[in-house]
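Enquirer: Join these two chains into a complex; the hints should help.
Chain residues, written in single-letter form:
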Amino acid sequence: MKLNLKIWRQKNADTKGEMVSYPLNGIEEDMSFLEMLDVLNEQLINKGEEPVEFDHDCREGICGTCSLMINGRAHGPDTRITACQLHMRSFNDGDEIVIEPWRAKAFPVVKDLIVDRSAFDRIQQAGGYISINTSGNPVDANAIPIEKDMADKAFNAATCIGCGACVAACKNASAMLFTSAKVSQFALLPQGQVEAAERVQNMVRQMDLEGFGNCTNTGACEVECPKGISLENIARMNREYLSASVKG
Amino acid sequence: MGILDSKIPKGPLADKWTNHKNHIELVNPANKRNIDVIVVGTGLAGGSAAATLAELGYNVKTFCYQDSPRRAHSIAAQGGVNAAKNYQGDGDSVYRLFYDTVKGGDYRSREANVYRLAQVSTNIIDQCVAQGVPFAREYGGLLDNRSFGGVLVSRTFYAKGQTGQQLLLGAYAAMNRQIQRGKIKSHTRHEMLDIVLVDGKARGIIARNLVTGEIERHSAHAVVLATGGYGNLFFLSTYCMGANVMAAWKAHKRGAFFANPCFTQIHPTCIPVSGDHQSKLTLMSESLRNDGRIWVPKRLEDAKAIQEGKLKPTQLKEEDRDYYLERRYPAFGNLVPRDVASRAAKERCDAGFGVNKTGEAVYLDFDSAIMRYGREKALTSGIKDPDNKTVRELGEKVVEAKYGNLFQMYEKIVDQNPYKTPMMIYPAVHYTMGGLWVDYNLQTSIPGCYAAGEANFSDHGANRLGASALMQGLADGYFVLPYTIGDYLSKDIRTGEISTDLPEFEAAETHVKERIAKLMSGKGIHSVDYYHKKLGKIMWNKCGMSRNAKELQEAIDEIAALRADFWENVKVPGTADNKNQELEKAGRVADFLELGELFAKDALTRNESCGGHFREEYQTPEGEALRDDENFKFVSAWEYKGEPKDAVLHKEELVYENIELKTRSYK
Ligand SMILES: Cc1cc2nc3c(=O)[nH]c(=O)nc-3n(C[C@H](O)[C@H](O)[C@H](O)COP(=O)(O)OP(=O)(O)OC[C@H]3O[C@@H](n4cnc5c(N)ncnc54)[C@H](O)[C@@H]3O)c2cc1C
Ligand code: SF4
Ligand code: FES
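Residue numbers (this note's numbering), protein chains in the order written: chain H, 8 to 255; chain E, 1075 to 1741.
Here chain E stands alone, though its shape is the one from the complex (with noise of 0.2 Å):
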């Protein structure tokens, strides 16, 4: 086992979680007034968690650096969250969620873990429904189901496209009734540049007042990390623009392992890149792939003739088509995983068969769908032998109602009436398996330090299934951590205040103010958005869907020139003492450019292809991933040790009891 504990209760899978909670240490109300406790990061696992801390009587404190909880990146989810009601009586189950997931991430995450996950996802939505979280309903008045990729139930609880948004202001709404009695201190427009550890442990953090520019020292028994993926190191994401990495990783430069950097999701229905001025990705949610048909041309002329205007899809006929992931994949067709769909698609576009300009996108097709509930509709409202003109409209009409919002989002973005004519789209960066390892309580390699939501590695392996980021989210914060942390803190019902005058707060302030001064004074070259695109740049092209290990060394050695040049040269205009938007992003761009040379580095070091993981080295004949449970059945831990390509690699093997390990397979 090493240094990694997983601390992964005994016992039969079934009853882990709960002999485990019942095993907890409890710490008593009145003590617990006398307990601080600090969450950086408000979306759905850190809003949740701040809530449920305060509901159960700890003194919370509370960090995001936008001007409101409200506005973290979780209000941006789309399509859904899964949980395991079977309301549809389709044959689900806890166990059915469990397996699907464990698959999905292609058996690289841990079984308790998940198998927890699965079990809590049941009481999310009592919860978000006792809230006044306004999911969609059927006519019956009960709650409505769709389905995501991966899966064969229909099991993914939604509010229209906007299901991230209702949950998160279900999880703030909490989060303001424990403000407004005094449970909860908010910290808005504030950024943690640093964590505090005194004897080993994590004891408050520093941070910037992002108006003042004032640095600021909090302190609290434990310290909360629930702030989000790190996608943006590929600059180009469906990421909010200000999301980061800074706070896991300080974290990890004081103590904390980074598990499974190189874990990213790439999603396959995604805006495609219009022109350099790109600033970010737009994804159209993976529900479109209920009814929408992927395709591009089956001859290369036609791929030609349409990259130069001279074709329209509309024009070409059904035979002249290949629908290549209904011919690869016949039992899952459209609903493949995402890390199938993408690489199907960056395959196809690396051959020459791109429908756009730069050959970089694919047709997502919604005109059988269109013409199919249009008949259906037809017949339903008593038409007898409709036109196809009649069918169509009925069809559009159909097709605005489930997926309205998302149609117009893209007509805004592409200037193309999606109804008419097929949308084009490709694969982007979303979603990072990878983040703080923890151990089945949350607890990251720092006593006293938790990960919760996006933050750590725990419950997707190498692949995320759609639907499951907010389960996780909000099962880490509401039913999960709450918890875990009252062990760890029935330690400190003694401990007293912690002094923000001790010595540790104090190195760790001028630390921090010796690093912006630093920033401040680069030779002023270029812009901290030049070096952010060159690093994005390379991870694109040699960290991105397929990976090799040629590209991968070109890509840690470039990525560490690129951290010199930007220390020497960049441009950070104004002062520290002020809001300053600039400064801001050189913080973040900073910590990715070392983030980017451990990410490498992982992907380097695991010799096989696993979920979003994909070594062109590592592949069957017929291009599939080729995963190597030999040798690679674990979780790659990683210790920082002065630069990041001399990180120390820790492993956790993964144990399977209760899963048989196979090949994936959606043929």
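Excised from the complex, chain H in its bound form (with noise of 0.2 Å):
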């Protein structure tokens, strides 16, 4: 198939982008959306210029590395999956398609369609975890037996990759459906309840500060997640958050 492609090109953070149009043809159905942009890319290099730069690793989902907002959509067309899992049978021949970097004050471009998520990594560290040394001795890991729907909810908030889609499709550029993924996975758990207070108030202390915008409940992030984070994580999060508050 023919297409035309409209791409973000930036060459790094401090220099303006803009918009550049590419014609593209012989594109199969089978291949991939990425594997779409490296024919491209393999033109351009031909041709002299430089390659489009978008991230990517795993090619299958799991790694969260690949962010492109397609046609205006975070991952484009189809939902529940990740840009790389997208496939070109979503498209038709003559099609236009606008491919832009996530955008958000808390994710500045680094380059073409590259952003820079380490705000993530930071939220994160302000207490994404369980307090416990490798070097202890913990307990037999069957000592405490969990309920299993309290396991599969845990495990499901924790299935969350870091993508940042839902900061993308947000039009606050909230990053409430990550941060409170990440906190619903350790308060669901009896290992993650010690520190449940100080984590939840560290967490969104920090997401404040990396500067992303409030929440209005509109559930876009919820559409666009590429692995069904429920909104339920955002309640459950306010819930932790206000009772933390409470206690001080």
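In case anyone wonders, no lab produced these hints; they're calculated from the structure.
A virtual CB, placed ideally from N, CA and C, is assigned to each residue, including glycine.
Among the clues, some could well be false.
Examples of chain H residues toward chain E, derived with CB under 10 Å [claimed, not checked]:
no., residue
1, ASN19
2, ASP62
3, SER142
4, GLN192
Subject to a maximum C-alpha distance of 27 Å in a straight line, what follows is the list of computed DSSO-like cross-link-like pairs (lysine-lysine) [stated by the list, open to error]:
no., chain 1, residue 1, chain 2, residue 2
5, H, LYS178, H, LYS18
6, E, LYS1431, H, LYS9
7, H, LYS18, E, LYS1645
8, E, LYS1597, E, LYS1431
9, E, LYS1715, H, LYS18
10, H, LYS54, E, LYS1592
11, H, LYS13, E, LYS1659
12, E, LYS1084, E, LYS1725
13, E, LYS1659, H, LYS54
14, H, LYS155, E, LYS1471
15, H, LYS160, E, LYS1659
16, E, LYS1486, H, LYS13
17, H, LYS18, E, LYS1592
18, H, LYS160, E, LYS1471
19, E, LYS1645, E, LYS1327
20, E, LYS1597, H, LYS18
21, E, LYS1476, H, LYS160
22, E, LYS1645, H, LYS13
23, E, LYS1476, E, LYS1463
24, H, LYS160, E, LYS1486
25, H, LYS18, E, LYS1587
26, H, LYS54, E, LYS1608
27, E, LYS1645, H, LYS54
28, H, LYS155, E, LYS1476
29, E, LYS1259, H, LYS112
30, H, LYS54, E, LYS1607
31, E, LYS1597, H, LYS54
32, H, LYS54, E, LYS1611
33, E, LYS1486, E, LYS1476
34, E, LYS1624, E, LYS1607
35, E, LYS1451, H, LYS155
36, H, LYS9, E, LYS1607
37, H, LYS9, E, LYS1486
Expert: Here it is, written out as structure tokens:
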């Protein structure tokens, strides 16, 4: 198939970017979206131009590295998948495809379609862990049974891949879905309860410091999240936060 | 013993590790504060090592090329992690895990290392649960287990199809806690380009800041390489796109021996190649072989009709199908180890029985499982005499609960519904058992340079069993290396900070910069991918699932020629003082072009078939691997001497005191 790509090009954080058009031929339906970009890049390199840089690594939807805004939608038109899992059969011959980086104040552009998501790391450094040493001697893994339902819920929250699509999809660029998934994962397990109050306060404080916007409950994040992280997590985090503040 | 000293402690197998640990020199906490350790790689091995070293009090600097430590390739592991907990009461034990691993590795691993691995495996599960890793549980609230290939017990702990993700997030969380305390300094989007030796000891690295292009010097008292495997040598593999051998290879060029480079795992159940555009291959977890049955048509004309799209697999009657694994290996059936399953698939496809356009695929069929589960479900839900349609619907629900995410992944890629028609699968490069040679303490042949996880060679012999890589990475990182390294560091308490102004750092930096300049100044005829794909073809065709002397020799020559071509004609656009993904790729491919040659030489030298290394000249009349314990019961440790093919072989003889060497049989 034949496509007309419009792609954001930006040399680095200090320069201004712009949209550039690239017509592209010979794309097959079986190609993944990123393989389509590989084809474009091979052509650009052979023409002596600089290829389009985009973040990617696992190319199977688990590392959370890929981060493309495709025709205005985080990770593209299909739901519950990442950009690297998107295939060209979701497009038609002659389509125009607009490709941009995540747009958020807390995610500055590094180059072309690559953004800096280290704010997510810092939110987790602020408290996204259970304070236990490896060098200690933990108890037997089966000493504390955990209700299957709770364990499954904790797991579901923990499947967040940290991609940032929730922030990109949100008109306020809020990181509530991400942060709440992290808070919930621990809050739902007995092991995580000891530090629960401190954890939620520290993580929320860091989230605000990083310059993410406020949550106005539009739910766009849940719609675009490739892992189906539920809005319930945000409600849970709000409860945790309130009760932590009450305790002081 | 030659110059290789494996430092295996004396005494009975079961006591070696405890005794050794009790005699390791300790560094007192006040002194640890003055000691710096560099950990390159933040996967399961590096992440867990960095967190534990920092907890112990060392100053740790970590490096990874991704934008966050959490994105290391370990994140992609699907199926599970082994541990000898015997929660299922099915007769598992430390000894059995040890025995299965040595046998699974076709008797080419070290007894003492594997025994230690089995011993600490149980601590891994305790540690991870304490960290909040949400493993799968049964309704009673206790941990659940599943089975993997090559074993007859259920010892695999899992978190749906995302076990690696959950374990890595655990290690990452442990790292975060230490980053917050200031004990770990994390460098993301940084690539190690060389290791720096001072007075023969590893004292630092040269790294490139991938965002600014800046070349940086970092010093430490010891350097840990936990940089993963080198399967991307084959271009197409189940690895993440950035996986590379750079760190290990640079250490090799500076004196670390490279062990068993040709021991590569080709995983039997991956989604087949669909065309020339293909950039990577996707694994379908081994856990699927618990329920999926593998087959091809019995008759060549049926296979042909299927290849041409004139016949559907579902139209083929039961008696016209060849369940070749069940036929050849009745005891283990579809759960034979990976090397055996992969070779059997290749054998059928080479004979013309493949089932996709290119004839390079076999079926993995869930129909029997769906019907079996459906009947069971109907019974337990009190449905009397259910019709086939109801049974099927019920069965599909059960299969969905078990493997839903994998089925969805398959459907997304292949555009076929695996509940209704069998999956098509084919073997693909998945793991490298070879790696940097290390002694019992995980120290390479460079003093002060350690290797952990997939980057070392130590535990899996010639074939790795499923769910054992995660186990090994975490064992190395949480429970072994942080202690064994103390023995070395205890001699460094008076050294003081290592200066990066030393001439050795200067020289290494100059060397790195010259190499980058050379990469940037190719004639500009072909892209980096062009060379990588060519190398991959040579590797797959001549050093892949079956190898012979003639083709291995050809591979050595072809790779050398390709390397020369690369350095002359490669095209790297852009500049070196900015983010430049083509330059990153070029550096990695340049190293693969050297490693490939050593790989082929190693395979050519090993005149036997064992595990993943199958030499056509050495097989039984039934086509099974023919091992030669008399002449090849050793680890090949290669010393760099200029051109890769001039490497010198050092043999570490393997001693089996506790296990009797047998022909591996899964019949
Ligand atoms: C699809 C898939 C599924 C798998 N499933 C399972 C499973 O179910 N069970 C199991 O036991 N095993 C499984 N494996 C194998 C297992 O995942 C890996 O062997 C293991 O995770 C490797 O961990 P590691 O810590 O050694 O290295 P990795 O996780 O590969 O980490 C390597 C690290 O090194 C860094 N790095 C590399 N080079 C450099 C450099 N030059 N400079 C700076 N940093 C560098 C990277 O950034 C990364 O942080 C699977 C593998 C694949 C591909
Ligand atoms: S919550 Fe969803 S969209 Fe947001 S980072 Fe996690 S996986 Fe990505
Ligand atoms: S590249 Fe890993 S999720 Fe897309």
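Enquirer: For each hint, tell me whether it holds in the structure or not.
Expert: To see whether the hints hold, each was checked on the structure:
About 6 Å separates the beta-carbon of ASN19 of chain H from the nearest beta-carbon of chain E, less than 10 Å, and the hint is met. For the restraint placing ASP62 of chain H at the interface with chain E, the shortest Cβ-Cβ distance is roughly 7 Å, inside the 10 Å limit, so the hint holds. For SER142 of chain H, the interface hint holds, since its Cβ comes within 10 Å of a Cβ in chain E; the closest pair sits about 5 Å apart. Checking GLN192 of chain H against chain E by beta carbon gives a least distance of about 7 Å; that is within 10 Å, so the hint holds.
Between the alpha carbons of LYS178 of chain H and LYS18 of chain H the distance comes to roughly 26 Å, so the proposed pair stays at or under 27 Å and holds. Simply put, LYS1431 of chain E and LYS9 of chain H have alpha-carbon atoms about 25 Å apart, close enough for the 27 Å limit, and the pair holds. For a cut-off of 27 Å, the pair hint linking LYS18 of chain H to LYS1645 of chain E stands: about 19 Å separates their Cα positions. With a C-alpha separation of about 38 Å, the suggested pair LYS1597 of chain E and LYS1431 of chain E falls outside the 27 Å cut-off, and the hint is violated.
The straight-line distance between the Cα atoms of LYS1715 of chain E and LYS18 of chain H is roughly 41 Å, outside the 27 Å bound, and the hint therefore fails. A hinted pair counts as satisfied when its Cα atoms are at most 27 Å apart, and LYS54 of chain H with LYS1592 of chain E qualifies at roughly 21 Å. A threshold of 27 Å between alpha carbons decides the hint, and for LYS13 of chain H with LYS1659 of chain E the separation of about 25 Å falls inside it, so the pair holds. Annotation: proposed proximity of LYS1084 of chain E to LYS1725 of chain E holds, straight-line Cα distance about 20 Å (limit 27 Å).
In summary, the hint linking LYS1659 of chain E to LYS54 of chain H is supported, as the alpha carbons are separated by about 19 Å, within the 27 Å threshold. For the given pair, LYS155 of chain H sits about 19 Å from LYS1471 of chain E by alpha-carbon distance, which is consistent with the 27 Å threshold. Proximity of LYS160 of chain H to LYS1659 of chain E is assessed by CA-CA distance (about 40 Å); at most 27 Å being required, the pair is judged violated. With a CA separation close to 25 Å, the supplied pair LYS1486 of chain E and LYS13 of chain H stays within the 27 Å bound.
For the hint linking LYS18 of chain H to LYS1592 of chain E, the alpha-carbon distance of about 23 Å falls within 27 Å, and the restraint holds. Proposed proximity of LYS160 of chain H and LYS1471 of chain E is supported: the alpha carbons are some 20 Å apart, at most 27 Å. Between LYS1645 of chain E and LYS1327 of chain E, the direct Cα distance comes to roughly 25 Å. Compliance with the 27 Å bound is thereby established for this hinted pair. The hinted pair formed by LYS1597 of chain E and LYS18 of chain H meets the criterion: a straight-line CA distance of about 24 Å does not exceed 27 Å.
The hinted pair formed by LYS1476 of chain E and LYS160 of chain H meets the criterion: a straight-line CA distance of about 16 Å does not exceed 27 Å. A threshold of 27 Å between alpha carbons decides the hint, and for LYS1645 of chain E with LYS13 of chain H the separation of about 25 Å falls inside it, so the pair holds. Proposed proximity of LYS1476 of chain E and LYS1463 of chain E is supported: the alpha carbons are some 20 Å apart, at most 27 Å. Of the pairs offered as hints, the one joining LYS160 of chain H and LYS1486 of chain E holds, with about 25 Å between alpha carbons and a cut-off of 27 Å not exceeded.
Between LYS18 of chain H and LYS1587 of chain E, the direct Cα distance comes to roughly 22 Å. Compliance with the 27 Å bound is thereby established for this hinted pair. With a C-alpha separation of about 21 Å, the suggested pairing of LYS54 of chain H with LYS1608 of chain E holds against the 27 Å cut-off. Only pairs whose Cα atoms come within 27 Å are accepted, and LYS1645 of chain E paired with LYS54 of chain H is accepted, the gap being roughly 11 Å. The suggested pairing of LYS155 of chain H with LYS1476 of chain E holds, with an alpha-carbon distance near 15 Å, which does not exceed 27 Å.
Restraint check for LYS1259 of chain E and LYS112 of chain H: the C-alpha separation of about 25 Å stays at or below 27 Å, so the hint holds. Among the hinted pairs, LYS54 of chain H with LYS1607 of chain E is consistent with the structure: their alpha-carbon atoms are about 20 Å apart, no more than 27 Å. Simply put, LYS1597 of chain E and LYS54 of chain H have alpha-carbon atoms about 14 Å apart, close enough for the 27 Å limit, and the pair holds. In summary, the hint linking LYS54 of chain H to LYS1611 of chain E is supported, as the alpha carbons are separated by about 25 Å, within the 27 Å threshold.
The hinted pair formed by LYS1486 of chain E and LYS1476 of chain E meets the criterion: a straight-line CA distance of about 18 Å does not exceed 27 Å. The hinted pair formed by LYS1624 of chain E and LYS1607 of chain E meets the criterion: a straight-line CA distance of about 22 Å does not exceed 27 Å. As the CA atoms of LYS1451 of chain E and LYS155 of chain H are separated by approximately 20 Å, the hinted pair is consistent with the 27 Å bound. A distance of roughly 25 Å separates the Cα atoms of LYS9 of chain H and LYS1607 of chain E; the hinted pair therefore holds under the 27 Å criterion.
Taken as a hint, the LYS9 of chain H and LYS1486 of chain E pair is honoured in the structure, with Cα atoms around 22 Å apart against an allowance of 27 Å.
The structure does not agree with the numbered hints 8, 9 and 15 stated previously, though it agrees with the rest.
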